[in-house]
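Chain order of the listed sequences is R and G. Residues 1 to 251 (our numbering) are what the first sequence spells out, left to right. Residues 1 to 322 (our numbering) are what the second sequence spells out, left to right.
For the record, the hints were derived by calculation from the structure and aren't laboratory data. We put the CB at the ideal spot given by N, CA and C, even for glycine. Keep in mind that the hints are not guaranteed to be accurate.
[Stated by the list, open to error] Covered stretches of chain G (in silico footprint by chain R; criterion: 3 or more residues with CB under 8 Å from a CB of chain R, positions within the stretch not fixed):
#: 1; stretch: 189-195
#: 2; stretch: 241-253
[Claimed, not checked] Simulated coverage check for chain R against chain G, where a stretch passes if three residues somewhere in it have a Cβ under 8 Å from a Cβ of chain G:
#: 3; stretch: 42-53
#: 4; stretch: 59-71
#: 5; stretch: 88-97
#: 6; stretch: 100-111
#: 7; stretch: 163-174
#: 8; stretch: 200-211
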Amino acid sequence: MKILVPIKRVPDPYGRIRLTSDGSIDASDIKWVINPFDEIALEEAVRIREQGAEVEIVAVIIGEAVCEEQLRTALAMGADRGIFVEFNSPADPGIISFLLAAVFKSVNPDIVLMGKQGIDDDFSQTGQRLAARLNLPQATFASKIEIVSNGSAARVAREVDAGRETLEVKLPAVITTDLRLNEPRYVALPAIIKARSKPVNRVNTSEYGSIPALQISVIKREVPLPRKGGRKVGSVDELITALRDEAKVIA
Amino acid sequence: MKRLLIVAETDGVKILPSTLPTMTFAQLWSKEAGGAFDLLVIGGSDIQQALGEWQNFGAETIFISSSAELAHFTADRAAIVALQVMKQSGADSLAGPSSTFGRDILPRIAGLCDLPMVSDVLSVVLAGDSLTFKRPTFAGNVITTVQIAGDCGVYSVRGTAFGKPEVVTTVSAIAPIDINFEDLPTGTTWISLDSPEQNRPDVTNARVVVTGGRPLRDADTYEKLIGGLADKLGGATGATRAAVDSGIALNESQVGQTGKVVAPELYIAAGVSGSVQHIAGMKESKVIVAINTDSDAPIFEIADFGLIADLHQALPELISKL
Ligand SMILES: Cc1cc2nc3c(=O)[nH]c(=O)nc-3n(C[C@H](O)[C@H](O)[C@H](O)COP(=O)(O)OP(=O)(O)OC[C@H]3O[C@@H](n4cnc5c(N)ncnc54)[C@H](O)[C@@H]3O)c2cc1C
Ligand SMILES: Nc1ncnc2c1ncn2[C@@H]1O[C@H](COP(=O)(O)O)[C@@H](O)[C@H]1O
């Protein structure tokens with residue numbers, strides 16, 4: 001079985017995002033990481049391999065040269081090989097899903113396992129668009145994945161607003177991960193060293209024909225005014241009075 | 001930008017209230033873009049009986065695709081149904097709620113039609129000749145204004161950003177649509193939906209939300225203290241990711257960047273540190289109360305009323321005094 005794991009380079013979710021005076025993202029003290037949902041996808045791929053079946057894990061990243069750092073981390077986390085698609089222009093889920101579809105065709109995986117959303121742009125579109133382009137089944141927001149029917153299908157529990165939905169998808173399929181799927185393990189030093197010798201295939205996007213135009217362009221970024229804090233109350237009684245008489249939100 | 005199709009969120013039996021803000025968005029879109037809109041309702045055989053008020057929000061036509069086979073539909077099938085209706089009605093744009101339902105289906109349709117998609121729309125404005133949209137990025141820490149290429153797009157609508165739709169005097173026409181089931185994909189099989197018994201209002205449209213974090217320790221304590229206070233106030237229960245991850249609360253109660261976005265009149269956060277990811281889902285609440293032992297907890301920076309206290313004492317006291 002082959003699992004393709006697309007990963008995105010994003011700012012550390014625990015860091016603070018600032019804008020420069022011209023309204024772009026201030027990259028000066030950002031720590032860059034693999035999108036947390038993609039880490040979960042990688043971890044899940046590794047766990048599927050650990051269940052005993054023969055599994056090859058291929059990690060793919062699209063972006064500028066600096067993205068190779070995250071691809072190396074993915075190899076250290078357990079991917080067998082990497083694909084680096086260099087792309088230096090602004091991208092949106094239309095473009096990324098187009099490029100991932102091209103990678104899909106060259107790799108021919110049984111599962112594309114990817115994050116449900118990039119925590120920078122918060123689009124939450126790429127997996128679904130990729131599935132649409134390839135006419136594949138999709139199971140989004142997975143919190144449990146079981147390979148069934150001798151590797152020809154996957155049973156996926158999904159986190160939906162109403163609770164937990166279970167679907168069975170024929171493979172190949174696109175599955176996107178939610179937070180509760182697993183907790184990625186810590187990457188040990190020997191794995192990081194070993195990863196240096198794993199193969200990375202560099203792809204030039206010109207191999208993929210003409211790339212669709214950007215559909216979503218940013219015209220402005222702004223930091224919303226912070227919500228004004230109020231005051232401290234000294235006791236439960238004071239809180240009740242404030243809510244009843246001042247804010248008038250309880251009877 | 002002449003015609004918009006709204007995909008209603010249904011549970012197979014009725015249209016869910018999460019679709020209301022999308023109707024409001026459609027009314028605004030209609031003013032800005034100067035086009036008409038229709039509503040698509042997909043569900044089981046009884047769904048057309050549940051239209052009621054939905055005929056009074058200005059949709060020209062309500063298209064109904066009802067059949068026992070669609071009682072539990074999957075994204076791949078719904079996308080094909082929507083595509084067929086877009087062809088039939090002449091719609092060139094699409095919108096729906098930015099719930100897990102909308103986030104699953106809308107990007108798939110966008111992918112099939114190769115349309116730009118704006119996720120989590122907060123507002124829509126006509127600037128010159130083109131529509132621009134505000135949307136949250138970086139967990140709501142940056143509001144980004146985007147423009148789409150061309151006139152047509154797919155929009156997922158953030159519920160808390162749009163109020164109730166206006167009721168209009170015209171009544172939507174109803175048009176059942178015929179689906180050839182042979183045309184629908186078969187790669188996905190719906191197996192089950194496990195919805196825990198909820199005797200409290202839904203967290204996304206409750207007037208009061210009481211949220212507990214990691215220090216609630218276990219599910220029983222969470223139910224007694226967070227559930228107990230929610231019941232006193234007729235409210236819903238919410239949770240942080242830490243509380244859900246440690247099995248204290250159910251995943252459908254997670255509030256935040258990657259959970260639900262809520263904006264109740266009263267939000268009470270007990271034992272919640274106030275991470276950016278959590279605040280992303282609740283900072284539009286009208287009144288925020290924080291109960292935390294640490295006077296430096298970031299949640300206090302956005303709380304209208306902060307109480308520095310151990311929740312294991314403060315919550316029982318609140319419950320008994322209300
Ligand atoms: C990709 C990603 C997505 C995420 N999405 C979300 C999301 O959607 N929603 C979300 O909530 N989080 C999300 N998180 C997690 C988030 O970063 C925080 O880790 C989480 O919100 C912390 O939860 P907490 O406040 O319950 O726990 P903690 O951070 O551990 O805080 C507990 C608080 O309780 C206080 N406390 C301790 N004991 C008591 C007591 N006895 N009485 C009163 N107060 C007490 C402490 O002072 C502290 O402030 C996400 C993280 C990532 C990386
Ligand atoms: N530049 C990229 N390279 C590889 N994968 C990506 C890239 N951007 C997005 N993805 C994948 O698409 C998922 C969803 O992203 P998004 O639709 O942008 O929220 C991410 O979790 C990644 O798995």
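Verification of the supplied hints:
1. Residues of the stretch 189-195 of chain G with a Cβ under 8 Å from some Cβ of chain R number 7, which satisfies the need for three, so the listed coverage holds.
2. Look at the stretch 241-253 of chain G against chain R: 6 of its residues bring a Cβ nearer than 8 Å to a Cβ of that chain, three or more, so the hint holds.
3. Coverage of a stretch by a chain is defined here by at least three residues with a beta carbon nearer than 8 Å to that chain's beta carbons; for the stretch 42-53 of chain R and chain G the count is 0, and the condition is violated.
4. Counting residues of the stretch 59-71 of chain R whose beta carbon lies closer than 8 Å to any beta carbon of chain G gives 0, which falls below the threshold of three, so the coverage claim is violated.
5. Evaluation of the coverage hint for the stretch 88-97 of chain R: fulfilled, as 4 residues show C-beta separations to chain G shorter than 8 Å, against a requirement of three.
6. Counting residues of the stretch 100-111 of chain R whose beta-carbon sits less than 8 Å from any beta-carbon of chain G gives 0, not enough to reach three: the coverage restraint is violated.
7. Three residues within the 8 Å Cβ limit are the bar, and the stretch 163-174 of chain R against chain G gives 9, so the coverage statement holds.
8. Closer than 8 Å: that is the beta-carbon criterion, and the stretch 200-211 of chain R has 0 residues meeting it against chain G, so the requirement of 3 is violated.
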